Amino acid sequence: MRSSPFFHFLLRLLYQQKGKHIGAMVISVLMIFLLSSVLFVSSALQHSMMQTLQGEPDFTVSRVRAGVPAPLPLDWIDEISQLNGVTSVVPRVYGRYYFTPKGDSFLVVGVDMFDEQNIHAISTLLHEVNLQAFLAKPSMFVGEGVKHFLKRHYFSDHFNFKMPNGHFKEVAIVDVLPHNTNLLASNMVLMPLALAQEIFGFSSEEVSDISFNVPNDAEWRTIQNKLQWMFYDVRVVTKKEIKEAYIHLFNYKGGLFLALYLVAMLTFMLILYQRYTMVYTTERKEIGILRAVGWSINDILRLKLYENMTIVGVSFLVGVVLAYGYVFLLDAPLLRQIFLGSGTLLESISFVPYIPFGLLGSLFLMYAVPFLVAVLVPAWRVAVTPPKEAML
Amino acid sequence: MYRLLFTLLGVLFLGVVALFGHYFSYDKECDYEALVQLSALSHVKTPVWEGGYTQPHSLFRPTPLNPAYPEMLELNRVDFVYEK
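Those protein sequences? They're chains A and B, same order as listed. Counting from 199, one number per residue, gives the positions in the first sequence under the numbering used here. Counting from 190, one number per residue, gives the positions in the second sequence under the numbering used here.
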């Protein structure tokens with residue numbers, strides 16, 4: 199690099215005119231940082247949810263009365279199981295338990311603790327749990343958010359659930375669900391199915407909803423129609439709908455920022471264009487001298503291109519590295535609340551690193567191309583002026 | 190001048206290396222596996238910041254959405270499910 203006069207001149211130029219570039223660099227870094235952070239948060243959440251949704255049951259049937267969810271009878275399972283093409287019919291007991299009316303709420307989930315797959319899942323998640331001791335008395339596993347919340351309210355090893363009949367049910371906290379499940383489990387309470395039914399005031403023949411799979415996609419529409427004919431007060435949600443809803447949700451939130459970014463980018467480019475038009479007017483003499491000593495228009499443009507490519511590249515890398523640290527090391531304070539909200543139970547959520555390389559590439563192009571155009575057009579206008587005229 | 194340039198380039202290079210180092214060494218599969226196991230256990234895939242499909246989600250926001258902009262309207266998956 200030292201041996202090339204061109205690069206030496208380029209570096210001297212960058213060094214001597216650093217004051218001219220620093221403003222553009224700071225604004226560029228800020229814009230890239232903000233948009234990359236939004237992309238990282240949005241993509242990390244979307245990717246984690248899509249990974250989780252892979253095991254989502256194809257259909258979920260819930261009973262809705264007057265627009266309000268109602269428990270449905272357990273014997274619907276037999277009726278649904280008799281439909282051709284239906285597999286893995288599972289009852290689910292879950293619901294919100296409000297700590298205070300309209301206050302923070304936990305998601306209480308009933309789990310069949312005698313199912314082999316569930317036992318395997320529990321032992322994978324919680325390595326040292328003793329299920330015999332767990333089942334000996336009313337017990338539960340809680341998410342990290344719930345654990346912190348209850349501890350703040352002086353429930354360190356148990357919690358008294360208030361049941362619909364007015365009685366209290368003391369349930370022991372046996373273990374805390376792992377930190378890396380906080381995206382789903384921060385506000386979750388897992389307990390035996392029967393205990394969950396008791397807390398919600400369900401009878402042993404009532405469940406919250408029923409989920410099942412239909413392996414053949416072509417039968418989905420038929421099954422949906424059959425369900426609507428069998429039961430008149432049901433709401434059927436398919437996995438496809440949920441996936442689409444997630445994609446819309448994250449694209450919507452990310453898209454809002456993208457729209458703001460485009461407006462800010464356009465304004466920035468206009469300012470940059472005007473600024474460089476003025477700068478190059480004052481630099482006409484310098485460019486005229488370069489032309490007079492034998493530099494061609496191409497050489498001048500190449501110099502300006504390399505000069506601004508350096509600024510673009512450095513700003514982009516600094517912005518992306520800062521955004522990565524902000525999102526995946528600091529868990530995106532403030533920005534996270536725009537995506538997730540600021541409830542007490544959401545404090546302990548962290549993002550699984552995921553870099554959308556394609557989107558970052560598009561972001562680079564959307565930033566670099568207008569930047570270079572905004573800078574090179576004024577430079578070209580000056581460079582095409584005859585040297586004599588330029589030095590006047 | 191060159192020393193400053195190489196220092197700045199070195200810092201930038203270290204930043205990029207740290208980024209990729211963290212990204213590729215992070216055990217993502219372990220986190221995804223834990224999420225899959227939990228969803229298989231609970232049969233619930235609703236992320237913590239949302240209510241269920243049929244629940245009025247306004248109830249789940251006792252505190253402002255964002256302290257920097259408390260009046261900002263909330264939007265979650267339920268809106269898109271209901272839209273259909």
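Rather than coming from a laboratory, the hints here were simulated on the basis of the structure. There could be a bad hint or two in this list.
[Stated by the list, open to error] Derived Cβ-Cβ restraints for the label pairs, each shown as a range:
1) A/R294 - B/D216: 29 to 35 Å
2) B/H211 - A/R419: 24 to 30 Å
3) B/H211 - A/G253: 43 to 49 Å
4) A/T480 - B/S214: 45 to 51 Å
5) B/S214 - A/P271: 30 to 36 Å
6) B/V206 - A/R419: 47 to 53 Å
7) B/D216 - A/F555: 15 to 21 Å
8) A/S401 - B/H211: 48 to 54 Å
9) B/V206 - A/H356: 23 to 29 Å
10) A/I469 - B/H211: 51 to 57 Å
11) A/R473 - B/V206: 29 to 35 Å
12) B/H211 - A/L460: 55 to 61 Å
13) B/V205 - A/H356: 28 to 34 Å
[Stated by the list, open to error] 27 Å max Cα-Cα, derived BS3-like pairs, lysine-lysine:
14) A/K586 - A/K218
15) A/K424 - A/K437
16) A/K441 - A/K424
17) B/K217 - A/K441
18) A/K586 - A/K483
19) A/K424 - B/K217
20) B/K217 - A/K437
21) A/K349 - A/K360
22) A/K345 - B/K217
23) A/K216 - A/K483
24) A/K360 - A/K335
25) A/K345 - A/K367
Given the structure is predicted, the values throughout are model-derived calculations rather than measurements. Glycine included, every Cβ here is placed at the ideal spot set by N, Cα and C.
Hint check:
In this structure the hint that A/R294 and B/D216 lie 29 to 35 Å apart at CB holds, the actual value being about 32 Å. Checked against the given bound of 24 to 30 Å, the beta carbons of B/H211 and A/R419, roughly 45 Å apart, lie outside it. About 28 Å separates the C-beta atoms of B/H211 and A/G253, a value inconsistent with the hinted range of 43 to 49 Å. In this structure, A/T480 and B/S214 meet the distance hint of 45 to 51 Å, their C-beta atoms being roughly 50 Å apart.
For the pair B/S214 and A/P271, the beta carbons lie near 51 Å from each other, so the given range of 30 to 36 Å is not met. Range check, B/V206 to A/R419: about 52 Å between beta-carbon atoms, so the 47 to 53 Å window is met. Judged by the Cβ atoms, the range 15 to 21 Å given for B/D216 and A/F555 holds: they are separated by roughly 20 Å. For the hinted restraint 48 to 54 Å between A/S401 and B/H211, the CB-CB distance of approximately 51 Å keeps it satisfied.
One distance hint, 23 to 29 Å for the beta-carbon pair B/V206 and A/H356, is violated here, with the actual separation near 48 Å. The hint said 51 to 57 Å for the Cβ distance between A/I469 and B/H211, and at roughly 35 Å that hint is violated. For the pair A/R473 and B/V206, the beta carbons lie near 34 Å from each other, so the given range of 29 to 35 Å is met. Remark: the range hint 55 to 61 Å for B/H211 to A/L460 is contradicted by a beta-carbon distance near 30 Å.
The hint said 28 to 34 Å for the Cβ distance between B/V205 and A/H356, and at roughly 50 Å that hint is violated. Taken as a hint, the A/K586 and A/K218 pair is honoured in the structure, with Cα atoms around 26 Å apart against an allowance of 27 Å. Among the hinted pairs, A/K424 with A/K437 is consistent with the structure: their alpha-carbon atoms are about 17 Å apart, no more than 27 Å. Annotation: proposed proximity of A/K441 to A/K424 holds, straight-line Cα distance about 23 Å (limit 27 Å).
Pair hint B/K217 plus A/K441 holds up; C-alpha atoms about 21 Å apart against a cutoff of 27 Å. Between A/K586 and A/K483 the CA atoms are separated by roughly 9 Å; this keeps the pair inside 27 Å, and the hint holds. Restraint check: the Cα-Cα separation between A/K424 and B/K217 comes to about 41 Å, which exceeds 27 Å; the hinted pair is violated. A C-alpha spacing of about 24 Å is found between B/K217 and A/K437, which places the hinted pair at or below 27 Å, so the restraint holds.
Straight-line distance between C-alpha atoms of A/K349 and A/K360 comes to about 18 Å, which keeps the hinted pair within the 27 Å bound. The hinted pair formed by A/K345 and B/K217 meets the criterion: a straight-line CA distance of about 25 Å does not exceed 27 Å. Of the pairs offered as hints, the one joining A/K216 and A/K483 holds, with about 19 Å between alpha carbons and a cut-off of 27 Å not exceeded. Simply put, A/K360 and A/K335 have alpha-carbon atoms about 17 Å apart, close enough for the 27 Å limit, and the pair holds.
Annotation: proposed proximity of A/K345 to A/K367 holds, straight-line Cα distance about 18 Å (limit 27 Å).
The structure does not agree with the numbered hints 2, 3, 5, 9, 10, 12, 13 and 19 stated previously, though it agrees with the rest.
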